[in-house]
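These protein sequence lines map, in sequence, to chains A and B.
Residue numbers for the first sequence follow the working numbering, beginning at -19 and rising by one.
Residue numbers for the second sequence follow the working numbering, beginning at 85 and rising by one.
Fair warning: there could be bad hints in the mix.
Once the Cα atoms are required to be at most 27 angstroms apart in a straight line, the calculated BS3-like pairs of lysine-lysine come out as [what the hints assert, rightly or not]: (1) A:K155 with B:K549; (2) A:K146 with A:K272; (3) B:K354 with B:K375; (4) A:K155 with A:K53; (5) A:K239 with A:K54; (6) A:K53 with A:K215; (7) A:K149 with B:K549; (8) A:K149 with A:K36; (9) A:K152 with B:K549.
Rather than coming from a laboratory, the hints here were simulated on the basis of the structure.
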Amino acid sequence: MSNDELTRREFLKRAAALGAAGYALTQTRLLSLLDGVAVAEAAPARRPILAVASGKTIARRTQAAVDALGGMKKFVKRGATVLIKPNMAWARKPEQAANTNPEVVAELVRLCRAAGAKEIKVVDHPVDGPADRVIRLSGIGPAAEKAGARVFAATSPVMFQSITIKRGKVLKRAKALRDLLRADVVINAPIAKVHGSTRVTLGCKNLMGTVLDRGAWHRSRSLDQCIADYASQIKPDLIVLDATRILLSNGPKGPGNTKTPNLVIAGTDPVAVDAYGAKLLGLSAGEIGHLKRAAAMGLGHLDLDRVKIKRV
Amino acid sequence: MPGRIRALRRISQLAFLGLYLTLFAFAGRAVLLGLPPDLFLRADPLLALSAVVSLRRVVTPLLWYALPLIVLSLLLGRAFCGWVCPMGTTLDLLERLFKMRGRRPGQAPPWRRVKYYLLLALLVTMLLPVANRSQSEPSLSGSVGLSAVYAADPIALLTRTLTLSGVPPVQWTITFARDVNFIWAYAPVAENRPWMERLFWRIGAALDRFARPTAPPHFRLGALTLLIFAALVGLSSLARRFWCRNLCPLGALLGLLSKASPLRLRVSDKCTNCMRCVNECKMGAILEDPKKYRGTECIWCYACAAVCPEGAVSVTTSRASSGRDDRVDPARRRVLEAMGIGVAAALLPKVDWSAKRTQGGERVLTISSERLIRPPGAQPEDAFVTACVRCGECMKVCPSNGLQPAFGEGGIEALGTPILVPRMGPCNEVCEACWQVCPTHAIQPFRAEEKKYLFLGTANVDRSKCIAWAYGRQCVVCDEACPYDAIYQDVLDGLPRPVVDDRVCVGCGQCEYVCPVEPRAAIRVSASGDKRHLSREEQRALREAAPPRPDSGQGEAETSIDAGEQTPYPESYPYPQQNGE
């Protein structure tokens, strides 16, 4: 036995010390300084709340869902400017379930107004044209205007502004709606529909309607990743998913088979809300590419068991 | 008194030009005073004549609209040219603007008869049987003529120029002004001034209502059309109203009708041969002896009476006291020449620069280019080309800017007729704008609900370019956008790829328009699915024979497209129910 050889005792001591130091380092997150992404991609710690409301009228449901999260006053402070992004993309009538139900949007406007919002804008960048006809036919235009919002379509390219997607893996830059970037509060108000290329279109996918060049996402390496990338940059304060009548086939435009769960779902976790929406559409969130990618980026909970669901 | 009448004439000219421009501007947006937006085109007897003669069919509503002008001309001669015609007024205004006075009367080119020869040549072309009538109208005689009247009819010419060359610059200006206002609304200066933001935004939004929904529009052939028009205006430097006095076939037609007019100019013995009236007459209608004038050329502008220092010019119905000369004096060899030109024009389709082919051994459908996609409701090709006067009204009102003038697609005889260019704009499923402004019913009336079986063509997926087929990536934007659910998905390895159901696809072009593949779409409409040779009932039967897809929601009445179209756009886009033809 030579002198330079470790004794068993010495070896065990050193191994224990190294292990303790390593453990201490991970506990104090000193390592995280070296790897910021690792921390950022860890799932949010708190259990998010999902409010699922099934009141008598669409308006009451909407209000109940928002109240379950603490009421609109929690999100909208007095004098705030609010942007509501419904799905108002198609020249379809409300009963065809291609656009967000106008009553949901109108009730959100009323709630914002009651909370003291200074200005409420309801905007989309419609796929169908002409835009004014989409606004009128969807029913959102008349209903939300009556409730006191400014409803318009982003028809001019000057309404968009270049932004950098800081954590974008595929989507590095996008031209996003100026009104969205400037609003104090952003409320995403999608409708639950199946979708030809992305399986479902819910909250994350609905945000695609706030960029100028959607074609670039389709041409890119991965549409799913683009959606997730954009969701990592644009984070709505509140997501209110309209599941009054949902589109089960031929989405996103239809005409297709519809179902009427008569629900309104509200939450602040974009992935959890969408996971619930996917369930309503008869799919599991794990099947949806862009939701999986969004969850992997730490944008929210994919697993509904880890979400606190409040039924009201 | 004559001066007053001249002033009245100018007011009338401006009023009618104003009406014409207003109707044009509002075409596709609103109906004014219950007047059809194409009122002037319908009231044009030359266009009515062309439709009846070349189509061998009495187009009744057209004739009713043309009747007033025929009666007016029988009574008052060419008063239309002097008092109403927007082309004449435009020429008057531009001559004034550019100070074009023409050469002195004796030196102006003596080509007044050319317009009669032109009219004759046009008639000969219309009369010759050029094409077989399509099978869809077996009850009618077997052939249609060819009408080249579009090239020379002043109203069609002016309207076409306004559309192709006039609408885009106006739209660019509106779009630019809109964007400037929006930029100001978003500017830092407006950020903390809500009133300023609101003001600029309101102006921008108001302008946006008048801007086209898609990018600022443009038309092919716009520059060429403008050049032709500019050349016609430029001819006025040779002689005032050069077009009206020498070339206009409508003027020729009205001139012939004017022979029946009882009204005459009388020059009394007070005339001193000062020749002021001769110099002032913009039609060159007064002869060297100022007491004599050509009745077929006088447009009752009252300039001669207004400038006569002796007050020697008056109106009479007495044959004896007037020096009216109604002779057209056609030269025999020129007449033969004009007929020859007419025959040659009728043979133009044989030039066939677009290599047309026939389908099924019969001239059922003339296919010249797969891009010859006609608007919905268009008559079968031969009749369509004959009936269309190339006024461009349909292209003006098409909200998507998808209707464009054909260049080579339909052969030389179809130059300037409307075709759908889906990459520029699709045919919207709920729109009925084009037929409502078609003065000759080349585009036949249809309801939006019928559009699902008015087959313009068929979409084809180019699998070598399609994002899903060629590169295996997610994209079925075409399926998303298809209003008729004619695209379904072939799912391979979990990735959906678009497939067209050609029994359902009507070729509206929505898919081609939205396809993200640049520059040429990976899904394109081809005219090969054009079914205009079939009657509407047959087309409908074809569509209904296609089995409904299980996912298209047709089991539920509330979500079927029919239910959705029951109340299409509160005020039935773009017009309320009108012209019950």
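Here is how each hint holds up against the structure:
1. A:K155 with B:K549: holds (26 angstroms)
2. A:K146 with A:K272: Roughly 19 angstroms separates the two Cα atoms, so the pair holds.
3. B:K354 with B:K375: It holds: about 11 angstroms lies between the C-alpha atoms, which stays within 27 angstroms.
4. A:K155 with A:K53: Violated, at roughly 30 angstroms.
5. A:K239 with A:K54: violated (32 angstroms)
6. A:K53 with A:K215: holds (19 angstroms)
7. A:K149 with B:K549: Cα-Cα ~25 angstroms, so holds.
8. A:K149 with A:K36: Violated - the C-alpha atoms of K36 of chain A and K149 of chain A are around 43 angstroms apart, more than 27 angstroms.
9. A:K152 with B:K549: holds (25 angstroms)
The structure is inconsistent with the numbered hints 4, 5 and 8, although it conforms to all the rest.
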